[in-house]
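Engineer: Sequence:
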Amino acid sequence: MESLRKHAQKVQTVLANYNTHVRAFVRACPDRPPPPEMEYSQLLDLQSDDPFWNDGTFTNSHEPWAVDEKTQCGIRQLAYFNRAIEEERRLGWETRRAMRWAVNRHTQLKNMLQMATSVSHLPGENAPLPQVIQRMVDQSCLGTIQSVSNKLKLIKVVLHSAFIKHLDIQMAWHPQITDLLLKIPPQASDGEILQPWNNQLNFIYRFHRMGLLSGIPGDIREGVLAEENPIVESPGPINSANALATGQAQDEGGDEEEEEDEEDEVEENPDHEDLENDISMNLLMNLGPQTVV
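Residue 187 in full-length UniProt numbering sits at position 187 of the sequence shown; the count goes up by one each step and never skips.
It is possible that part of the hints are untrue.
[To be verified] The calculated lysine to any residue pairs, modelled on SDA-like cross-linking and capped at a C-alpha distance of 25 Å, are:
1) LYS165 <-> GLN139
2) LYS151 <-> SER280
3) LYS183 <-> LEU194
4) LYS10 <-> LYS70
5) LYS183 <-> PRO128
6) LYS151 <-> TRP93
7) LYS153 <-> PRO128
8) LYS165 <-> SER214
[What the hints assert, rightly or not] Derived DEER-like restraints, expressed as beta-carbon distance ranges:
9) LYS153 <-> TYR80: 56 to 64 Å
10) MET281 <-> SER120: 17 to 25 Å
11) VAL132 <-> ALA188: 43 to 51 Å
12) TYR18 <-> LYS70: 17 to 25 Å
13) LYS70 <-> ILE169: 47 to 55 Å
14) PRO175 <-> SER147: 43 to 51 Å
Hint data in this document are derived by calculation from the structure and do not stem from the laboratory.
Positions of the beta carbon are idealized from the N, C-alpha and C atoms, including for glycine.
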C-alpha cells in the first residue's frame with residue numbers, strides 16, 4: 001500500500017483506464033458477471049487476498065477449450081484453415097500483380113521497338129524523334145557515337161535484347177501461372193489480365209513455331225512487331241527451358257563451323273561486356289525504374 005501511495009498519480013491513471021475497460025466489458029457482455037469498478041480510496045483499502053488481485057479471473061480455466069484436447073486440436077485446425085485462406089488470397093494478389101507487370105512490360109518494350117524501328121528509316125540526321133526515343137538518344141553513355149542512325153541501331157539492339165529476355169520469362173511462367181490464376185478465388189479484373197496474357201503467349205507460341213523469334217539481339221524478323229491477334233483459347237506451352245536461345249541455335253546451325261573458327265580468333269573482353277551492361281542499364285532506365293532488367 002505504501003508503494004501505491006508513492007505513485008498515486010500513475011495509479012489513478014491506470015485505475016481510470018481499468019474502469020473504462022470494465023464499462024466496455026459490461027456493454028459487450030451483459031450476461032457475464034463483471035469485475036467491480038474501483039475508486040482510488042477503495043483500492044487502498046483492499047486486502048492482499050481480495051479477488052480483485054486474482055489475474056486469472058477471465059482465463060476460464062475450466063472451459064472445454066482450456067482442458068479438452070480435441071477442442072484444442074479443433075481450434076488449432078481452424079486457425080490453420082483460416083491461415084491457408086489468407087495465404088491463398090495473398091497468392092492471388094501476387095499472381096495478378098506478376099501477370100499484370102509481365103503484360104505491361106511486354107507491351108511497353110514492343111511499342112518502344114516499333115518506334116525505334118520506324119524512326120530508324122527517317123531520312124537525315126535531324127529528323128524529329130518521339131520524346132521517349134529522343135531521351136534515349138541523348139543519353140551520355142552514347143556520347144561517343146556521333147551518328148544518330150548508329151545510336152538508333154544500338155537502341156534497337158538494347159530494346160530487342162530486353163524484349164527477348166522478357167519473352168523467355170513469359171514462356172517460363174506459362175501455363176503454370178494461368179493454371180494458378182484459374183484455381184484461386186476469381187476477381188472482376190481477371191479477364192483484363194488473362195485475355196492480353198493469352199494474346200501475347202499466342203503471339204510468342206505462333207512465331208516461335210514459325211522460327212521467326214530470333215534469340216540474337218537486333219535480329220528482328222518481319223511481323224514480330226505486329227499487333228497480337230485476340231484469341232479465344234489459351235496457347236499451349238513451349239517445351240523449352242529457353243525457347244529463344246534454342247531458336248537461335250537452330251538459326252545458326254548451318255554456320256557452326258564458321259562460328260567455331262571465329263571464336264578461336266576473337267577472345268571475349270570482360271571490359272566490353274561491362275560497357276554493354278552499363279549502356280543497356282542507362283538506356284532502359286528511360287522505361288521507368290520498375291522495368292530495368
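Engineer: With a cut-off of 25 Å on the C-alpha distance, tell me whether LYS165 and SER214 pass.
Structural biologist: 12 Å, holds
Engineer: Take the C-alpha atoms of LYS183 and LEU194, compute the straight-line distance between them, and say whether it is at most 25 Å.
Structural biologist: With Cα atoms ~13 Å apart, LYS183 and LEU194 stay inside 25 Å; holds.
Engineer: Take a quick look at whether LYS151 and SER280 sit within 25 Å of each other, Cα to Cα.
Structural biologist: The given pair, whose Cα atoms are some 12 Å apart, holds under the 25 Å limit.
Engineer: Is the distance from the Cβ of TYR18 to the Cβ of LYS70 consistent with 17 to 25 Å?
Structural biologist: 36 Å, violated
Engineer: Go ahead and decide if the range 56 to 64 Å is satisfied by the Cβ distance of LYS153 to TYR80.
Structural biologist: About 58 Å separates the Cβ atoms of LYS153 and TYR80, which means 56 to 64 Å holds.
Engineer: For the pair supplied as a hint, LYS151 and TRP93, is the alpha-carbon distance within the 25 Å limit?
Structural biologist: Status violated; Cα separation ~40 Å.
Engineer: Please verify whether LYS165 and GLN139 have alpha carbons no more than 25 Å apart.
Structural biologist: The hint holds at about 23 Å.
Engineer: Mind checking the alpha carbons of LYS10 and LYS70 for me, to see if they're no more than 25 Å apart?
Structural biologist: 44 Å, violated
Engineer: Starting from the range 43 to 51 Å, see whether the pair VAL132 and ALA188 falls in it by beta-carbon distance.
Structural biologist: 32 Å, violated
Engineer: Assuming the hint says 47 to 55 Å, is it satisfied by the Cβ distance from LYS70 to ILE169 or not?
Structural biologist: Holds: the Cβ-Cβ distance is about 49 Å, inside 47 to 55 Å.
Engineer: The hint says 17 to 25 Å between MET281 and SER120; measuring C-beta to C-beta, is that right?
Structural biologist: The hint (17 to 25 Å, Cβ to Cβ) holds, given that MET281 and SER120 are roughly 22 Å apart.
Engineer: Has the given pair, LYS183 with PRO128, been kept, meaning a C-alpha gap of at most 25 Å?
Structural biologist: 49 Å, violated
Violated hints, listed in ascending order, are 4, 5, 6, 11, 12; each of the other numbered hints is respected by the structure.
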